[in-house]
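**Student:** For reference, the chains in residue letters:
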Amino acid sequence: MSLLKTEGLRLKIETPLTEEVIESLKVGDMVLINGYVYTARDAAHKKIVELIKNDAPLPFSLKGQIIYYVGPTPAPPGKVIGSAGPTTSSRMDSYTPLLLSLGLKGMIGKGQRSEEVKRAIKQYKAVYFLATGGAGALLSRHIISSEEIAFSELGTESIKKLLFKDFPVIVAIDCHGGDIFKKL
Amino acid sequence: MKKIKKEQIIETVKKLYMEAVVHLPQDVSDALKNAYKKEKGLTQEILKQIIDNEKIAQEDKIPLCQDTGVAVLFVEWGTDVIFEDGEPIEAFNEGIRRAVKEGYLRASVVDDPLFERKNTRDNTPCIIHFEVLKSDKVKIILAPKGAGSENMSALRMLKPSQGLQGVKDFVIETVKNAGGNPCPPVIVGVGIGGNFEKSAILAKKALLRKVGEPNKNSLYANLEMELLNEINALGIGAMGVGGSITALAVHIEYAPCHIASLPVAVNIQCHSARHKEAEI
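These protein sequence lines map, in sequence, to chains G and S. Last residue of the first sequence: 184 (the working numbering), numbering continuous. Last residue of the second sequence: 464 (the working numbering), numbering continuous.
There could be a bad hint or two in this list.
Computed spacing ranges between beta-carbons, pair by pair [to be verified]:
(1) G:K165 <-> S:K187: 47 to 57 Å
(2) S:S213 <-> G:S152: 43 to 53 Å
(3) S:L348 <-> G:G78: 54 to 64 Å
(4) G:P77 <-> S:A331: 23 to 33 Å
(5) S:K221 <-> G:G28: 13 to 23 Å
If you want the footprint, here are the derived chain S segments under chain G, 3+ residues with CB under 8 Å [what the hints assert, rightly or not]:
(6) 188-201
(7) 227-237
(8) 283-290
(9) 371-382
(10) 448-458
Which residues of chain G face chain S? A partial, calculated answer using Cβ under 7 Å [to be verified]:
(11) T73
(12) P74
(13) G78
(14) Q112
(15) G133
(16) G134
(17) A150
(18) H176
(19) G177
(20) G178
(21) I180
(22) L184
In case anyone wonders, no lab produced these hints; they're calculated from the structure. We treat Cβ as the ideally placed atom computed from N, Cα and C, and that holds for glycine.
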């Protein structure tokens with residue numbers, strides 16, 4: 001079960017996400033994520049959706065998990081990962097409602113989402129987090145392990161299982177209909 | 185006449201690329217610190233991360249941003265340069281290849297844009313804009329350009345009758361539509377005139393100017409200020425969470441154009457406005 005603690009102004013949460021934690025998160029909350037998350041961006045999303053359509057097994061169970069939209073730079077010697085900031089989330093919008101319907105609970109990226117995604121976030125009780133784009137060096141310090149688990153042929157776009165330690169994000173779209181980008 | 189070896193180009197390009205992705209130009213860094221002072225709350229928190237990120241990139245010797253871009257090169261090739269080592273373009277690409285390998289940069293280029301989209305694995309080819317000048321030097325400006333901001337850029341062929349207001353409306357509309365996607369605070373490069381492709385190259389070139397340095401023509405300098413004020417009044421702010429600084433600067437470049445045309449290109453640059461230059 002994920003815990004909800006506060007550290008200064010920030011809420012500390014753990015993956016996988018529970019309904020209780022998701023419901024407590026509100027737009028604008030500064031959150032520190034701990035635990036495992038999975039990376040996937042354009043090409044991996046396309047492949048995941050193909051697998052789902054073919055009833056084939058997925059590289060990881062979506063239930064309660066968070067997907068981080070990132071394609072890191074290669075890890076230099078002695079490092080777990082290279083620079084690892086978020087990519088633009090809207091490119092994943094067309095795939096997202098399906099993943100949410102199958103149990104995905106969180107996404108980390110940057111930029112606004114479509115109306116369909118917002119509706120799905122509300123309907124399936126999920127959350128969209130904003131990480132600071134272009135802060136890949138800073139964010140990499142909060143990733144303490146990285147393991148490639150699928151689609152290695154995609155290079156930087158392969159699916160990796162990352163272990164987060166106090167990874168800083170902001171709640172951008174919550175399950176109550178709140179959207180930090182509403183004014184845009 | 186001056187002889188320039190292939191290896192000189194390769195090593196210069198490699199060094200420029202490896203340094204550009206870790207160090208921000210001083211003027212960009214200063215502009216971000218200035219923005220931090222002006223904002224508050226969440227927006228200020230984001231700007232703090234962006235500023236801290238620069239220090240961490242240097243400490244950890246890793247790129248500022250995982251999107252180490254497609255390398256865009258502006259090359260001024262002197263007429264008095266002798267190059268006897270085959271195709272110059274191959275030398276530039278080899279420099280990119282070495283930087284990607286030795287600097288642990290991301291390979292973000294696919295060979296075919298539409299069908300196979302297979303990663304070339306070494307981030308080549310780079311994009312080169314050559315100019316020929318009377319000199320015995322090769323000047324290289326290397327700008328790694330990420331896709332987050334590049335994707336939010338736009339070009340429109342306006343009618344001359346749409347004039348100043350048409351240009352302003354298009355620039356504002358482009359920045360507004362981009363919202364938080366291109367990693368604001370951005371720099372907005374605007375290319376006006378020329379033709380279809382010339383306006384796009386001018387817009388890109390405009391991004392290389394020192395942040396906030398005005399156009400030498402006061403009419404365009406005034407337009408830069410007006411656009412900057414209007415863009416910042418949109419309230420998009422850092423990463424789109426709201427704020428008074430959506431753009432650090434608007435830079436316009438212009439060129440003569442056809443009597444029937446008014447091309448306008450808007451090239452958006454994220455806050456990680458990386459570029460570096462050298463002369464051989």
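**Student:** Work down the list of hints and note, for each, if the structure agrees.
**Tutor:** Now the hints, each set against the structure:
1. G:K165 <-> S:K187: 47 to 57 Å: Check passed, 54 Å falls within 47 to 57 Å.
2. S:S213 <-> G:S152: 43 to 53 Å: Violated, since S:S213 and G:S152 (Cβ atoms, about 37 Å apart) do not stay within the stated range.
3. S:L348 <-> G:G78: 54 to 64 Å: Cβ of S:L348 to Cβ of G:G78: about 56 Å, so the range 54 to 64 Å holds.
4. G:P77 <-> S:A331: 23 to 33 Å: holds (28 Å)
5. S:K221 <-> G:G28: 13 to 23 Å: holds (22 Å)
6. 188-201: violated (count 0)
7. 227-237: holds (count 6)
8. 283-290: holds (count 3)
9. 371-382: Per the Cβ count (0), the hint is violated.
10. 448-458: holds (count 3)
11. T73: holds (4 Å)
12. P74: holds (5 Å)
13. G78: violated (10 Å)
14. Q112: holds (5 Å)
15. G133: Holds - the Cβ of G:G133 comes within 7 Å of chain S, reaching about 4 Å at its closest.
16. G134: holds (4 Å)
17. A150: At about 16 Å, which exceeds the 7 Å cut-off, the nearest Cβ of chain S leaves the hint on G:A150 violated.
18. H176: violated (18 Å)
19. G177: violated (17 Å)
20. G178: violated (13 Å)
21. I180: Result: holds, 5 Å to nearest chain S Cβ.
22. L184: At about 4 Å, which falls below the 7 Å cut-off, the nearest Cβ of chain S leaves the hint on G:L184 intact, so it holds.
The earlier numbered hints that this structure contradicts are 2, 6, 9, 13, 17, 18, 19, 20.
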